[in-house]
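Student: Protein chains in written order, with UniProt numbering: chain B, 1 to 430; chain G, 1 to 430.
Honestly, the hints are just simulated from the structure, not real lab data.
There could be a bad hint or two in this list.
No copy labels: a pair is met if it fits in one copy or bridges any two.
Stated by the list, open to error - Below, a list of computed lysine to aspartate or glutamate pairs in the EDC-like style, where the Cα atoms sit at most 16 Å apart:
no.	residue 1	residue 2
1	Lys294	Glu413
2	Lys295	Asp416
3	Lys177	Asp71
4	Lys120	Asp341
5	Lys177	Asp82
6	Lys177	Glu72
7	Lys105	Asp341
8	Lys93	Asp111
Residue-level listing of the chains:
Number of protein chains: 2
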Amino acid sequence: MPQRLRTFDADFENKFDLLLNAKRESSVEVSDAVADILHHVQQRGDDALIEFTAKFDDLQLTPEGLAFDQDEIDQAYLDTPDELIDALKHAYKRITAYHQRQLPKDELFEDEQGVTLGSKWNAVDAVGIYVPGGLASYPSSVLMNTAPARVAGVERVAMMVPTPGGKVNQTVLAAAKIAGVDEIYRVGGAQAIGALAFGTESIAPVNKIVGPGNAFVAAAKRQVYGKVGIDMIAGPSEVLVIADDSANPAWIAADLLAQAEHDTAAQSILVTTSPKLADDVMAEVERQLDLLPKKHLAGPSWADYGAVIEVNDLDEAFNISNRMAPEHLELSLDNAQQYIDKVRHAGAIFLGHHTPEAIGDYIGGTNHVLPTARSARYASGLNVHDFIKRISILGCTPSSLSALAPDAIALAEAEDLQAHGRSVSIRLNL
Amino acid sequence: MPQRLRTFDADFENKFDLLLNAKRESSVEVSDAVADILHHVQQRGDDALIEFTAKFDDLQLTPEGLAFDQDEIDQAYLDTPDELIDALKHAYKRITAYHQRQLPKDELFEDEQGVTLGSKWNAVDAVGIYVPGGLASYPSSVLMNTAPARVAGVERVAMMVPTPGGKVNQTVLAAAKIAGVDEIYRVGGAQAIGALAFGTESIAPVNKIVGPGNAFVAAAKRQVYGKVGIDMIAGPSEVLVIADDSANPAWIAADLLAQAEHDTAAQSILVTTSPKLADDVMAEVERQLDLLPKKHLAGPSWADYGAVIEVNDLDEAFNISNRMAPEHLELSLDNAQQYIDKVRHAGAIFLGHHTPEAIGDYIGGTNHVLPTARSARYASGLNVHDFIKRISILGCTPSSLSALAPDAIALAEAEDLQAHGRSVSIRLNL
Numbered sequence: 001m002p003q004r005l006r007t008f009d010a011d012f013e014n015k016f017d018l019l020l021n022a023k024r025e026s027s028v029e030v031s032d033a034v035a036d037i038l039h040h041v042q043q044r045g046d047d048a049l050i051e052f053t054a055k056f057d058d059l060q061l062t063p064e065g066l067a068f069d070q071d072e073i074d075q076a077y078l079d080t081p082d083e084l085i086d087a088l089k090h091a092y093k094r095i096t097a098y099h100q101r102q103l104p105k106d107e108l109f110e111d112e113q114g115v116t117l118g119s120k121w122n123a124v125d126a127v128g129i130y131v132p133g134g135l136a137s138y139p140s141s142v143l144m145n146t147a148p149a150r151v152a153g154v155e156r157v158a159m160m161v162p163t164p165g166g167k168v169n170q171t172v173l174a175a176a177k178i179a180g181v182d183e184i185y186r187v188g189g190a191q192a193i194g195a196l197a198f199g200t201e202s203i204a205p206v207n208k209i210v211g212p213g214n215a216f217v218a219a220a221k222r223q224v225y226g227k228v229g230i231d232m233i234a235g236p237s238e239v240l241v242i243a244d245d246s247a248n249p250a251w252i253a254a255d256l257l258a259q260a261e262h263d264t265a266a267q268s269i270l271v272t273t274s275p276k277l278a279d280d281v282m283a284e285v286e287r288q289l290d291l292l293p294k295k296h297l298a299g300p301s302w303a304d305y306g307a308v309i310e311v312n313d314l315d316e317a318f319n320i321s322n323r324m325a326p327e328h329l330e331l332s333l334d335n336a337q338q339y340i341d342k343v344r345h346a347g348a349i350f351l352g353h354h355t356p357e358a359i360g361d362y363i364g365g366t367n368h369v370l371p372t373a374r375s376a377r378y379a380s381g382l383n384v385h386d387f388i389k390r391i392s393i394l395g396c397t398p399s400s401l402s403a404l405a406p407d408a409i410a411l412a413e414a415e416d417l418q419a420h421g422r423s424v425s426i427r428l429n430l
Numbered sequence: 001m002p003q004r005l006r007t008f009d010a011d012f013e014n015k016f017d018l019l020l021n022a023k024r025e026s027s028v029e030v031s032d033a034v035a036d037i038l039h040h041v042q043q044r045g046d047d048a049l050i051e052f053t054a055k056f057d058d059l060q061l062t063p064e065g066l067a068f069d070q071d072e073i074d075q076a077y078l079d080t081p082d083e084l085i086d087a088l089k090h091a092y093k094r095i096t097a098y099h100q101r102q103l104p105k106d107e108l109f110e111d112e113q114g115v116t117l118g119s120k121w122n123a124v125d126a127v128g129i130y131v132p133g134g135l136a137s138y139p140s141s142v143l144m145n146t147a148p149a150r151v152a153g154v155e156r157v158a159m160m161v162p163t164p165g166g167k168v169n170q171t172v173l174a175a176a177k178i179a180g181v182d183e184i185y186r187v188g189g190a191q192a193i194g195a196l197a198f199g200t201e202s203i204a205p206v207n208k209i210v211g212p213g214n215a216f217v218a219a220a221k222r223q224v225y226g227k228v229g230i231d232m233i234a235g236p237s238e239v240l241v242i243a244d245d246s247a248n249p250a251w252i253a254a255d256l257l258a259q260a261e262h263d264t265a266a267q268s269i270l271v272t273t274s275p276k277l278a279d280d281v282m283a284e285v286e287r288q289l290d291l292l293p294k295k296h297l298a299g300p301s302w303a304d305y306g307a308v309i310e311v312n313d314l315d316e317a318f319n320i321s322n323r324m325a326p327e328h329l330e331l332s333l334d335n336a337q338q339y340i341d342k343v344r345h346a347g348a349i350f351l352g353h354h355t356p357e358a359i360g361d362y363i364g365g366t367n368h369v370l371p372t373a374r375s376a377r378y379a380s381g382l383n384v385h386d387f388i389k390r391i392s393i394l395g396c397t398p399s400s401l402s403a404l405a406p407d408a409i410a411l412a413e414a415e416d417l418q419a420h421g422r423s424v425s426i427r428l429n430l
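I would like the entire structure built from these sequences, with the hints used as guidance.
Tutor: Right, dumping it as structure tokens:
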């Protein structure tokens, strides 16, 4: 059974602290193994990729076979039902439209002292997208990772997707075609991250790597960080629902289970002002669980990490939510929009009774790659800014340089950097 | 002697490749030692900080003495010459003004399908700023790291600055007071990063850590990433100057040396269309080097990592610069502004003959924390975005949910996530 907490109980803070700091991921220590794999890929390129793919994915490749042929991709697209192609296209269009509004503007201006200042945003040249094999091989994630890169203007998007035993997820290929991915390789694990970071004979290196993966992929991303950019290290997914009497218990139960079906380590939390709703949702979860094909995942997730928290008022609810900094925050309240300013830390907000998180997972337009494990305290969901970077611009005239020079020289001298001061004074014949 | 390359020489690509991939940092393998230090700080808090500070900084502290008293900070401020206080204030004012323009706007809108979409930006709650001790303890860096955090609206800024043997940099404290740093601790190294990430009895944890440091600090930041956010891992500094006949060789030599005096691993490169300028700058560097107090650093930097590259035209110059993705790019050209669009990858651009990089290091207003080691290919200099994060917003009405539902359900089914589909259909009585 999930935990039932009440903010007005004496031991609430202790229990909430335990919930807040519960470690849901078993940390597998793979960093030495990963360092070894990365070293081999860097030294031996394609040969190492082929060896590791034979060993870990039970698949014999050739250098020419590392990449999918365009014919294979086209065929996968043709083999995908029309209805699904249309859904993917609709989703991609909405995601693209939302992300286009995130493009910042360059600027160049002169300030009061006659100094030219500005900023210029350019896209990253080449990006690698990792798509896990197996259970979590989601076509929707291909769209979510690729759309902001495309909107940013990234020229080359290379995708890595393992195909254990040669098993290919056709819909993932179809989604990649729709999103305009330039290259797709049937390589996974730490070796795929190594290929993207260092390049091989057949695969050109990229500048940034995004996308979720298992412990090997996460450790590899951490190790190549600096050589290339990376996105966040994704952990198990979570949802927090704030609800009051106006909410429908069956709908909320469905949302909690949608989160729980991802993984036994997923977390679903209800925070409510209504003891009756709390009871009703718990009963509904049990009822709906029985009907669920993924009961074997959702059941343990709900029992081990689920929680129902009763609060005195909505201010308490938002306080709890901000302390959790949930990846997904549903506001199952009337007039939910008025509460947006109470949210300080969350990956995404879903407003009102008719916005289940699943709409955002697929087709709402917002990105479903969001900060997990309380990292919304300092991180954002994937967006166009992850694929662009900012160049600052500074320009002085002889007179504005003269105006700024004395203070620049004073600071350079205080830091004992005489050549810094000299590079200013030499221009003024001082 | 620095390298002299010409793009029109047959072996240029080989030589340039070597220059591009030259490893300027000796990588010290400290990750096991750092993991041990972090573990002790996490387990034993203040006691561990005091032990490590005694061991590494030869300084005996008490729990009460970890933080500087307000009196000590005020006294440091009073002991700083007025001229320097004024310079720090002037710099802080200009840096703040420039960074204020970086604050993004929240938005909330309804699209054609009646879906509410938006984004909300909030500041990170608490930030830790690391300031190295010894040679690289720069008051200007205190301003540069703190200003964007303050502009972002960060409520709590905690600073860590080691004081080996009890030696305190008074100007660093004065700069911290001017920038409104809330807490200052005399702790350094990996133990300081551990204290910021995990907290101790005396030091509350933060959500994000920024600032440069030695190999221990860099490794510690890498290891706590995920628990907290971090900024980039800074490497040795570099400048690339693009110049033509219009440039003054003595000025450019001064700029190259200002870079070289930081560190023997710093890198200064001139790319020019003018063979005469190349000769004159090289002669000027030798002449000015002799006069420089930091000749022992600037000399080896210039000899080992410096380079002068002759090109046929400016397009070649910008191509080379984009391949290097330099931290600092000076355009010593007439009408430099017209070339901004040729720059794809750089940390900062300095326009024209009267903008030595040192102006940007101190007082121009732009940030001097910039991406090193070619990371400008995927990273930006420090800015307000490093201290805020984005929450996405999605809201459906009954009718817009109905419009999006079929495609969302189709995608959920394709991903075998039945509870996702159900959380949508249950709201439509499907």
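Student: Confirm or reject each hint.
Tutor: Each hint tested on the structure:
no.: 1; hint: Lys294 to Glu413; result: between (67 Å within a copy, 12 Å between copies)
no.: 2; hint: Lys295 to Asp416; result: between (67 Å within a copy, 13 Å between copies)
no.: 3; hint: Lys177 to Asp71; result: within (11 Å within a copy, 64 Å between copies)
no.: 4; hint: Lys120 to Asp341; result: between (31 Å within a copy, 9 Å between copies)
no.: 5; hint: Lys177 to Asp82; result: within (14 Å within a copy, 64 Å between copies)
no.: 6; hint: Lys177 to Glu72; result: within (11 Å within a copy, 63 Å between copies)
no.: 7; hint: Lys105 to Asp341; result: between (26 Å within a copy, 14 Å between copies)
no.: 8; hint: Lys93 to Asp111; result: between (40 Å within a copy, 13 Å between copies)
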